Structures are given as structure tokens and as C-alpha cells.
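J.: Hey, can you work out the whole structure from these sequences and the hints?
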Amino acid sequence: MDEFEQELRQAFVRRPAPPSLKRKLMARRAEKRQTRHRHTHIQLWQRLAASLVLVALLGGAAQWVRRDREERRQGEAARQQVLTALRITGHALNQMNTQLAAHDRTEQR
Amino acid sequence: MAHDWQPDFEQLVDDHQSMVFSIALRMTGDRGLAEEIAQDVFLELDKHLAKIESPDHACFWLRRVTMSRSADALRRRRVRSTDLWVEFEEHHGAPLEIRDSPLGARLEALLATLPEAQRAALVLRYQEDLTPEEIAATLAEPVATVKSHLQRGLKLLRAKATPHLQEYIRNKKEYIRGV
Chain A
1 MDEFEQELRQ AFVRRPAPPS LKRKLMARRA EKRQTRHRHT HIQLWQRLAA
51 SLVLVALLGG AAQWVRRDRE ERRQGEAARQ QVLTALRITG HALNQMNTQL
101 AAHDRTEQR
Chain B
1 MAHDWQPDFE QLVDDHQSMV FSIALRMTGD RGLAEEIAQD VFLELDKHLA
51 KIESPDHACF WLRRVTMSRS ADALRRRRVR STDLWVEFEE HHGAPLEIRD
101 SPLGARLEAL LATLPEAQRA ALVLRYQEDL TPEEIAATLA EPVATVKSHL
151 QRGLKLLRAK ATPHLQEYIR NKKEYIRGV
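Protein chains in written order, with this note's numbering: chain A, 1 to 109; chain B, 1 to 179.
In case anyone wonders, no lab produced these hints; they're calculated from the structure. This one's a predicted model, so the numbers in the text were calculated from it and none came from an experiment. Among the hints, erroneous ones may be present.
Claimed, not checked - Taking lysine-lysine and the DSBU-like style, the derived pairs with C-alpha atoms no more than 35 Å apart in a straight line are:
#: 1; chain 1: A; residue 1: K32; chain 2: B; residue 2: K47
#: 2; chain 1: A; residue 1: K32; chain 2: A; residue 2: K22
#: 3; chain 1: B; residue 1: K47; chain 2: B; residue 2: K147
#: 4; chain 1: B; residue 1: K51; chain 2: A; residue 2: K24
#: 5; chain 1: A; residue 1: K22; chain 2: B; residue 2: K47
#: 6; chain 1: A; residue 1: K22; chain 2: B; residue 2: K51
#: 7; chain 1: B; residue 1: K155; chain 2: B; residue 2: K173
#: 8; chain 1: B; residue 1: K147; chain 2: B; residue 2: K51
#: 9; chain 1: A; residue 1: K24; chain 2: B; residue 2: K47
#: 10; chain 1: B; residue 1: K147; chain 2: B; residue 2: K160
#: 11; chain 1: B; residue 1: K173; chain 2: B; residue 2: K160
#: 12; chain 1: B; residue 1: K51; chain 2: A; residue 2: K32
T.: So this is what it looks like as C-alpha cells:
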């Protein structure tokens, strides 16, 4: 290393930082942390609200599906009852018809 | 990977604020901007504190981020280096006479006139006493490029400083003769 480089080394010695640097830095850091904390709080509430809305939506949808299934089941049961009643009525009418036909034949004789 | 060293932010600030500030100051030539950069660098360190593994890693990280932040600031401002130096002299406070040597002060002034890449290499070499390999790692550049920047920077600085060097030697000789 020559004399010029020695001079460079002496000239480029580290300068002391301004005394205000650390104070300002710590203030900015505290402010940032507070903002981050506040944001975390807000985010927490937002997530909670979103979760509640989601739970309500899912609950509503489940309820709707259950009710729809129940209505379908009841409708099917009613249809089966009507079909059964129609079958019974048809059977009874057939019987009545047979009896009337037998009665008519007896009278003609 | 887990590491035993627990970084203390305030201690890191105390230990390295002078280094960070000096690098930013020599790179930008603006005291106010250098202080701002130093604050930003330490705030970023605070954000990444969990990833810092050792005191050496902290030092390396700080140098690297300071260099990159200074380059960003210079790119944003795009102010001619001579103007920056005028501002630097106005704001920095310490008058030239009370510095260690008038030649040193002049060398520092001439540094501000060098291209950014050469200035970065010289600051890391002569302020931080890093080897070309360490400078290459800090600046994320090939070693050959760093060596080239160092050689060219040194040559340019030497050429610019020659009249001042001659005057300095002449003054020194006269002083010795007078004593």
C-alpha cells in the first residue's frame, strides 16, 4: 500500500453519526410498531367479522338444503299417499262395478 | 436453521450507526439524505432481525443494504455530484481546517466526483477495509469487476488529486524547512 492509499485510508475514516439519528430512529420504530399493532388489531377484527359472515352464510345454506330435502321428502310421501288412495279407490270401484254387473245379470234372469 | 445469537436492536444501532451513516454519506454526499438512509436501513434491519444469524452477518447485511439504499437514493435524485458536494460541505458542519489533514478533506471531496460504482468500491475498500472478495460479496458483483472498479477509481482519484498532492508535499517541505 503506497502513501496515497494511506492518505485515502486516513481520509475515509468513519464519521460519527449525528446524535439525533438514534433518537429519530427509535421514535420511527415505536411509531411503526404501534401502526403495525393497530393494523394487526384491525385485521383481527376484520377476520373475525369475515369468519362470522362465512359461518352465517354456510349455516343459512345448510338450513336451506335441509329444509329443501324435508319438503321434497314430505312431497314424495304425500304423492305416495295420493297414489295409494287412488289405487284403493280404483280397487273399490272395480269391486263395485263387478257387484253391479252380477246384480244386473241376476235381475235379467 | 436455528442460531444461538440473539440480536439486540439497540446494541446493533449503537455499534453500527457510524458505519451505516458514513457509507451513506460518502455515497450520496448529502448529510440529510444519509441520515434518512441510515434510519431506513435500521428499520429494515428491525423487520428482518429474526433472519440475522451473527454479529458478522448483521454487519455484512447492513453494508449491503446501505449500499443498495444509497444507490436507490442516487438514482432517484440524479443530482450532479459537484452540487451534492457543495451541499455536503454546507451541511456537514466540520470545517476543512479542523479535519485531520487538508489533503484528506480534498480527497473526500474528489471522491464525490467519481462514478458511483468506483466510489462504492473505494468506500468499502478504504473506509471499511474490505478485501476485493468481500466487496464483491457485499455488492453482489464479480470479483474481477470490483478489482477493475478499484483500479480505475484509484487511478482517477490519483489523477485528480495530483495537483493537491504536489501542493501538500511542497507545504510539508516548507514547514519542515521552517522548523
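J.: Next pair to validate is K32(A) with K22(A); report whether the Cα-Cα distance is within 35 Å.
T.: Holds. K32(A) to K22(A) sits at ~15 Å (cutoff 35 Å).
J.: With the threshold set at 35 Å, check whether the alpha-carbon distance from K155(B) to K173(B) stays at or below it.
T.: At roughly 25 Å apart (the allowed maximum being 35 Å), K173(B) and K155(B) satisfy the hint.
J.: K47(B) and K147(B) were given as a pair; does the straight-line alpha-carbon distance stay at or below 35 Å?
T.: holds (33 Å)
J.: Given the hinted pair K147(B) and K51(B), is their Cα-Cα distance within 35 Å?
T.: It holds: about 30 Å lies between the C-alpha atoms, which stays within 35 Å.
J.: Given the hint that K32(A) pairs with K47(B), does the C-alpha gap stay at or below 35 Å?
T.: Holds: K32(A) and K47(B) sit about 10 Å apart, inside 35 Å.
J.: K22(A) and K47(B): Cα distance at most 35 Å?
T.: Holds, at roughly 17 Å.
J.: Hint check: K147(B) vs K160(B), CA-CA at most 35 Å. Holds or violated?
T.: Holds, because 20 Å separates the two Cα atoms, which is no more than 35 Å.
J.: Checking one constraint from the list: CA of K24(A) to CA of K47(B), max 35 Å. Satisfied?
T.: holds (17 Å)
J.: Need the status of pair K51(B), K24(A): alpha-carbon distance at most 35 Å?
T.: Distance ~24 Å between K51(B) and K24(A) Cα, so the pair holds.
J.: Please verify whether K22(A) and K51(B) have alpha carbons no more than 35 Å apart.
T.: holds (22 Å)
J.: Holds or violated: are the alpha carbons of K173(B) and K160(B) at most 35 Å from each other?
T.: With Cα atoms ~21 Å apart, K173(B) and K160(B) stay inside 35 Å; holds.
J.: Just to be careful, I want the Cα atoms of K51(B) and K32(A) compared with a cutoff of 35 Å; is the pair within it?
T.: holds (19 Å)
The structure fails none of the hints (numbered hints given earlier).
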